[in-house]
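Chemist: Here is what each chain is made of, one letter per residue.
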Amino acid sequence: AQKITQTQPGMFVQEKEAVTLDCTYDTSDPSYGLFWYKQPSSGEMIFLIYQGSYDQQNATEGRYSLNFQKARKSANLVISASQLGDSAMYFCAMRESQGFQKLVFGTGTRLLVSP
Amino acid sequence: DAGVIQSPRHEVTEMGQEVTLRCKPISGHNSLFWYRQTMMRGLELLIYFNNNVPIDDSGMPEDRFSAKMPNASFSTLKIQPSEPRDSAVYFCASSLGDSSYEQYFGPGTRLTVT
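Here the protein sequences come in this chain order: A and B.
Here our numbering is used: position 98 in the first sequence is 105, and no number is missing along the way.
Here our numbering is used: position 70 in the second sequence is 156, and no number is missing along the way.
Derived by calculation from the structure, the hints in this document are not laboratory data.
Ideal placement from N, C-alpha and C gives every residue a C-beta, glycine not left out.
There's no promise every hint is true.
[What the hints assert, rightly or not] Cut-off 27 Å, straight-line C-alpha distance, at most; resulting in silico cross-link-like pairs (BS3-like, lysine-lysine): (1) K154(B) <-> K164(B); (2) K77(A) <-> K10(A); (3) K164(B) <-> K109(A); (4) K109(A) <-> K80(A); (5) K109(A) <-> K154(B); (6) K154(B) <-> K110(B); (7) K80(A) <-> K10(A); (8) K109(A) <-> K110(B); (9) K164(B) <-> K110(B).
[Stated by the list, open to error] Heads up, incomplete: computed chain A residues facing chain B, CB under 10 Å, no partners named: (10) Y44; (11) Q46; (12) I53; (13) R70; (14) Y71; (15) S94; (16) F98; (17) A100; (18) Q108; (19) L110; (20) V111; (21) G113; (22) R117.
[Said to hold, decoys possible] FRET-style restraints, in silico, Cβ to Cβ: (23) L119(A) <-> D149(B): 39 to 45 Å; (24) R171(B) <-> R117(A): 20 to 26 Å; (25) P170(B) <-> P47(A): 37 to 43 Å; (26) K154(B) <-> T27(A): 40 to 46 Å; (27) E51(A) <-> S144(B): 22 to 28 Å; (28) G69(A) <-> G145(B): 28 to 34 Å; (29) D149(B) <-> P16(A): 43 to 49 Å; (30) G69(A) <-> R150(B): 40 to 46 Å; (31) S173(B) <-> R117(A): 19 to 25 Å.
With the hints as constraints, model all of the structure from the sequences given.
Modeler: So, in structure tokens, the structure goes:
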């Protein structure tokens, strides 16, 4: 079974609008961490945001927030006030405590922000 | 900080040749990871080290791949002999080692095997 599922291969949003990128995960480990990374066309992987399984509040980092719904096993990334520079691939990843530090990535969602 | 440094950034080689990819992690980070990214398989973890010791190499595709970390500031990923299906972007990443810390990725090495 897929550990991380990103069902949206591509998403379109207009500049200044908000967009939600979906991520669901599968684990039986009670302790885990969820990450989002951005990969622009230049190829580097940029860390965006982290959510721990025991964190009571949803993580936020500037225009990025993580909508963490533990019972649904979802960790959607919300980007507010989209900018043209947000156009990129976005990867959701999970780290289980039993997997030491191993990160498992989803297949990614390509976001295109239009003017 | 300079971030994770990888070299070369691009490598083109012929099938059967040996390829060595290099990585310098962020100073002070005690965990190092090698990933491979392809269109077909996405991002895959090949191997990771903690305090220079290989912890999990289950992602290494076959015996042609080997990785070393002789000290805290240097790691290599070697492919010998290389094959066209090894063509991919290879990323090195490092982290502080605690489970809550993110991994910082290098710029990647784009390998093309003809």
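Chemist: Could you run down the list of hints and mark each one as holding or not?
Modeler: Each hint, compared with the structure:
1. K154(B) <-> K164(B): Holds: K154(B) and K164(B) sit about 9 Å apart, inside 27 Å.
2. K77(A) <-> K10(A): Since the Cα atoms of K77(A) and K10(A) sit roughly 15 Å apart, the hinted pair holds (cutoff 27 Å).
3. K164(B) <-> K109(A): holds (21 Å)
4. K109(A) <-> K80(A): holds (19 Å)
5. K109(A) <-> K154(B): With Cα atoms ~18 Å apart, K109(A) and K154(B) stay inside 27 Å; holds.
6. K154(B) <-> K110(B): Judged against 27 Å, a Cα distance of about 12 Å means the pair holds.
7. K80(A) <-> K10(A): holds (11 Å)
8. K109(A) <-> K110(B): At roughly 19 Å apart (the allowed maximum being 27 Å), K110(B) and K109(A) satisfy the hint.
9. K164(B) <-> K110(B): holds (15 Å)
10. Y44: With a minimum Cβ separation of about 8 Å from chain B (threshold 10 Å), the hint on Y44(A) holds.
11. Q46: Interface hint status for Q46(A): holds (9 Å vs cutoff 10 Å).
12. I53: Hint holds; I53(A) Cβ to chain B Cβ min 8 Å, cut 10 Å.
13. R70: Status violated, d = 18 Å.
14. Y71: Because about 13 Å separates Y71(A) from the closest Cβ in chain B, which is outside the 10 Å limit, the hint is violated.
15. S94: violated (19 Å)
16. F98: At 7 Å from the nearest chain B Cβ, F98(A) passes the 10 Å test, so the hint holds.
17. A100: holds (8 Å)
18. Q108: holds (6 Å)
19. L110: holds (6 Å)
20. V111: Cβ of V111(A) sits 8 Å from chain B, so the hint holds.
21. G113: Holds: closest Cβ of chain B sits about 8 Å from G113(A), inside 10 Å.
22. R117: At 12 Å from the nearest chain B Cβ, R117(A) fails the 10 Å test, so the hint is violated.
23. L119(A) <-> D149(B): 39 to 45 Å: Since L119(A) and D149(B) have Cβ atoms about 41 Å apart, the given range 39 to 45 Å holds.
24. R171(B) <-> R117(A): 20 to 26 Å: Since the Cβ atoms of R171(B) and R117(A) sit about 24 Å apart, the hinted range of 20 to 26 Å holds.
25. P170(B) <-> P47(A): 37 to 43 Å: violated (27 Å)
26. K154(B) <-> T27(A): 40 to 46 Å: holds (42 Å)
27. E51(A) <-> S144(B): 22 to 28 Å: Given about 26 Å between the Cβ atoms, the range holds.
28. G69(A) <-> G145(B): 28 to 34 Å: holds (33 Å)
29. D149(B) <-> P16(A): 43 to 49 Å: Roughly 34 Å apart at Cβ, these two residues miss the hinted range, so it is violated.
30. G69(A) <-> R150(B): 40 to 46 Å: holds (43 Å)
31. S173(B) <-> R117(A): 19 to 25 Å: holds (21 Å)
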